[in-house]
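Peer 1: Dock chain B against chain A, hints included.
2 protein chains.
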Amino acid sequence: MALTPRAEDYSARYNDLVQQADLAENSAVKGCMVIKPYGYAIWENIRDILDKAFKKTGHQNAYFPLFIPKSFLSKEASHVEGFAKECRVVTHYRLMNDPEGKGIIVDPTSKLEEELIVRPTSETIIRDSYRNWIHSYRDLPLLINQWANVTRAEMRTRLFLRTSEFLWQEGHTAHATAEEADIEARKMADVYYDFAKNFMAMHSYLWEKPTHERFAGAIHTYTFEPMMQDFKALQAGTSHDLGQNFAKAFDVQFTNKNNEQEYVYATSRGISTRLIGGLIMAHGDDKGLVLPPALAPIHLVIVPIFKSEEDIAGIKKYLSPELEKLEKSVFTVQSEFLDTWKSDIKVTIDEDDQKSPGWKYNEYELKGVPLRIAIGKRDVENGKVELYRRDTGEKLLITIDELSNTVTKLLEEMQLSIYAKHAAFTKENTYTADSYEDFREKVEKGFVLAHRDGTRETAEQIQEETKATIRCLPFDYPIEEGVDMITGNKSERRVIFAKSY
Amino acid sequence: MALTPRAEDYSARYNDLVQQADLAENSAVKGCMVIKPYGYAIWENIRDILDKAFKKTGHQNAYFPLFIPKSFLSKEASHVEGFAKECRVVTHYRLMNDPEGKGIIVDPTSKLEEELIVRPTSETIIRDSYRNWIHSYRDLPLLINQWANVTRAEMRTRLFLRTSEFLWQEGHTAHATAEEADIEARKMADVYYDFAKNFMAMHSYLWEKPTHERFAGAIHTYTFEPMMQDFKALQAGTSHDLGQNFAKAFDVQFTNKNNEQEYVYATSRGISTRLIGGLIMAHGDDKGLVLPPALAPIHLVIVPIFKSEEDIAGIKKYLSPELEKLEKSVFTVQSEFLDTWKSDIKVTIDEDDQKSPGWKYNEYELKGVPLRIAIGKRDVENGKVELYRRDTGEKLLITIDELSNTVTKLLEEMQLSIYAKHAAFTKENTYTADSYEDFREKVEKGFVLAHRDGTRETAEQIQEETKATIRCLPFDYPIEEGVDMITGNKSERRVIFAKSY
Chain A
1 MALTPRAEDY SARYNDLVQQ ADLAENSAVK GCMVIKPYGY AIWENIRDIL DKAFKKTGHQ
61 NAYFPLFIPK SFLSKEASHV EGFAKECRVV THYRLMNDPE GKGIIVDPTS KLEEELIVRP
121 TSETIIRDSY RNWIHSYRDL PLLINQWANV TRAEMRTRLF LRTSEFLWQE GHTAHATAEE
181 ADIEARKMAD VYYDFAKNFM AMHSYLWEKP THERFAGAIH TYTFEPMMQD FKALQAGTSH
241 DLGQNFAKAF DVQFTNKNNE QEYVYATSRG ISTRLIGGLI MAHGDDKGLV LPPALAPIHL
301 VIVPIFKSEE DIAGIKKYLS PELEKLEKSV FTVQSEFLDT WKSDIKVTID EDDQKSPGWK
361 YNEYELKGVP LRIAIGKRDV ENGKVELYRR DTGEKLLITI DELSNTVTKL LEEMQLSIYA
421 KHAAFTKENT YTADSYEDFR EKVEKGFVLA HRDGTRETAE QIQEETKATI RCLPFDYPIE
481 EGVDMITGNK SERRVIFAKS Y
Chain B
1 MALTPRAEDY SARYNDLVQQ ADLAENSAVK GCMVIKPYGY AIWENIRDIL DKAFKKTGHQ
61 NAYFPLFIPK SFLSKEASHV EGFAKECRVV THYRLMNDPE GKGIIVDPTS KLEEELIVRP
121 TSETIIRDSY RNWIHSYRDL PLLINQWANV TRAEMRTRLF LRTSEFLWQE GHTAHATAEE
181 ADIEARKMAD VYYDFAKNFM AMHSYLWEKP THERFAGAIH TYTFEPMMQD FKALQAGTSH
241 DLGQNFAKAF DVQFTNKNNE QEYVYATSRG ISTRLIGGLI MAHGDDKGLV LPPALAPIHL
301 VIVPIFKSEE DIAGIKKYLS PELEKLEKSV FTVQSEFLDT WKSDIKVTID EDDQKSPGWK
361 YNEYELKGVP LRIAIGKRDV ENGKVELYRR DTGEKLLITI DELSNTVTKL LEEMQLSIYA
421 KHAAFTKENT YTADSYEDFR EKVEKGFVLA HRDGTRETAE QIQEETKATI RCLPFDYPIE
481 EGVDMITGNK SERRVIFAKS Y
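Residue numbers (our numbering), protein chains in the order written: chain A, 1 to 501; chain B, 1 to 501.
The shape of chain A in the complex, shown without the other chains:
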């Protein structure tokens, strides 16, 4: 099957790519996806790296129930408003044979006393536990992370980007002071940003969400939103300062140093399988995925060109000293929160004799495998090997004894250069606009830094007319005053507008 060209229909192309590269597919359950082995292997890499970063920043993992009593959701008023429309509700606990013989039905006598919500997020059930865990300032900070599945009843779904069930991590912390909670929320947003930059090779603006875009129940929401190739922003992960809202709703108090009872200050945050959608849309090219080596399930694929078993045996023997070296090698990634991160180098040999080398080249290019070797009899005779580099399409003819060193070096180089490409793309397509007319033109082809008066009305008018929303109040731009491009009212700072996923 041919991939829809990027320029023709970016959305159709995305779906083609997810399915043809064997990342995920739709399931028999509306809105829920099956994450296939190749896609899941990317998720495992994301999970393992972030898990290390969380543990380094003092977090421990735990696990809380999938089900949330319905009454819990209503305890935090804005929270229930945010999630009530997305809840899967369990009402019964037993099936039975239809007395009329028509298959199985829900046993009407098995109705639950209180309905259970399948967790859309776990603030409520976790805070309910924290009430019993926290007594004194000595129990704080409490830094807990959970890797879990969550469900939301979505109407329009897209693989990875918006699904009725997804995998994620959710961090939930409790602190003794408001300041400490806000520092934590910002720090963990930094961890996400660092991860996106150094592992996902995605540049993103780190910023605060405007008031009306915050998480249901938060007082500050920090986010990182990389630019996709269609110039839309992807809300890739958020970190919330919850203040005392949930502590008050769930009565989580502690005895502070002055021996007074006080509500704890909380944060929460999460990233999900949505990130995989981001990877695809940030780096993919006309041939398919381009995976940054740090997250690639396979780093090097070897395609032998052979006619007989002996040919293969000869090729393997020829490669084996270098493959042994590769097995002991690692490539490294530098990052702020993990210092020097090391990865094994995963090599695959595709010996399938039913598929042509050409078919295989296409397949592994589609799947974004960083490096490929095609190797035949002549290479063996000449002591050479040809390396193909997925991100640039370059071919390198090297001598066999250079192989393991070159692979290691290239993987490190590709990781940086895929990021540099995305950072340049983001910069090229980030504009400043002062008039609404200019804004409307530019927001069709990138992110736009513009002044706004901060009212919900202006934001809604702009969204209606352009489909763009305020993505954030960016941290990394100087704050300069100005006037709203529509109303002429005072604006405290430029914010970033963009269309978004």
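No lab work stands behind these hints, which were simulated from the structure alone.
Just to be clear, a hint being listed does not mean it is correct.
Repeated chains share a single entry, so a pair holds when one copy, or any two copies, can fit it.
[Unchecked claim] Taking lysine-lysine pairs in the DSSO-like style, the calculated list, with each CA pair at most 30 Å apart, reads:
(1) K257 / K355
(2) K102 / K287
(3) K52 / K346
(4) K316 / K55
(5) K52 / K287
(6) K427 / K377
(7) K30 / K85
None of these values were measured; they are calculated from a predicted model.
Peer 2: Relative to the frame of chain A, chain B by itself:
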């Protein structure tokens, strides 16, 4: 809080231990547990080791939906019978404000067209995908594993042992021949057995389940069931040969080598957080948990005896060369499926100045930390260090420069000796009985190898009168004919009876 003595009430003691050692607790949702950080760290160790073994045996991870359409469950007749009474059923997808102002209610207009079952296990939804993934014998074998949460509506629950939600892995394979499927089911039972032996330090009998104890839909069920300290068997994990039952129900066919359409042969298997309950009951002693080093979240705890900050600084300086060596050290475990497995050595220093050393000793003994150092000024002056070994209670006074080597050696030794102790305990309490009278006496204090005629009636009579069930047809005992101890009818072999969890 004091632990209930083991001899007084084994069941109450178990609950005390789980909660006081901070492994898990009951949640606000009936039957669902919160797995606390210390308990979850044990689960992470179990998961990471098994995941490696699965990958080494050719499995890949994937993820399938949490929800299963109701109609799927009824496709495999014995499967629905096995699970219908345990299902959590989702019927609605939205909440709303009660028009009468009484909090939030389920929006009656949000009823689902088809109810969704929260997965009790995933055979049905996975086989539904396999229908599209498998076309030819070239697509086989398909070896997939999933790490997930599952839910069952349990009436009487106990932390880890029986909960309405638990974490597990479920393997689901498809094969071209009946023989290959059965070999796979047995091989993965061997992986479990190997894991139980070498990592959980639990001896178990490897065996086949009798017909009426099989998994709903299986043609053979292989299981490993270690003996707990109250002489009950724990069904710790099962591996099923499903034959073509699910393939027929979900129409999973492939073109075989003769170019004929045939249903695939399938297996499934799983282990869960229940294993943590097994760890507690197999090894715990009067002081609390005894964790085999391979699964312990902390290997060595250092309790400094100090009066001032300088004391602590002195102790740390004294220990630091050896702690640096430990940081670079690993201890190893030999196993059939993972060859030489290596573990980092996790060290904790407890500097809390609010708790006495004695309190800390009790706490870490309760938590089953394998090794402890208590160290004060005098040890520093003498160049000594005292090591306490949790499983035997021995104390060793060694010179400081022996520390890292001794710790590494002891961890390896403890892993083997905890297993040896459990194997001896199992052997000592496994009996042979030929008369029913003798059987009834012995089954109160161990496993009993006895003859039975293989009918369901006899099995039920025995269960009613003694609470013991046939746990298995053991692989590792010679098959000898005999007569049923009650009916006198012919028996093909001795089987193992025991009470069980």
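Peer 1: Next, verify each hint and record whether it holds.
Peer 2: Hints versus structure:
For the identical chains of this complex, K257 and K355 are inter-copy neighbours only, at 18 Å across copies versus 70 Å inside a copy, given an alpha-carbon limit of 30 Å. In this assembly of identical chains, the alpha carbons of K102 and K287 never lie at most 30 Å apart, being 50 Å within a copy and 57 Å across copies at closest. In this assembly of identical chains, K52 and K346 lie within 30 Å of each other by CA distance both inside one copy and across copies; the values are 20 Å within and 15 Å between. Taking identical chains as interchangeable, the C-alpha atoms of K316 and K55 lie at most 30 Å apart only when they sit on different chains, with a minimum of 23 Å there against 41 Å within one chain.
Taking the shortest Cα distances, K52 and K287 never come within 30 Å of each other, neither inside one copy (33 Å) nor across copies (33 Å). In this assembly of identical chains, K427 and K377 lie within 30 Å of each other by CA distance neither inside one copy nor across copies; the values are 46 Å within and 60 Å between. In this assembly of identical chains, the alpha carbons of K30 and K85 lie at most 30 Å apart whether taken from the same copy (16 Å) or from different copies (25 Å).
Checked against the numbered hints above, the structure breaks hints 2, 5 and 6 and satisfies the rest.
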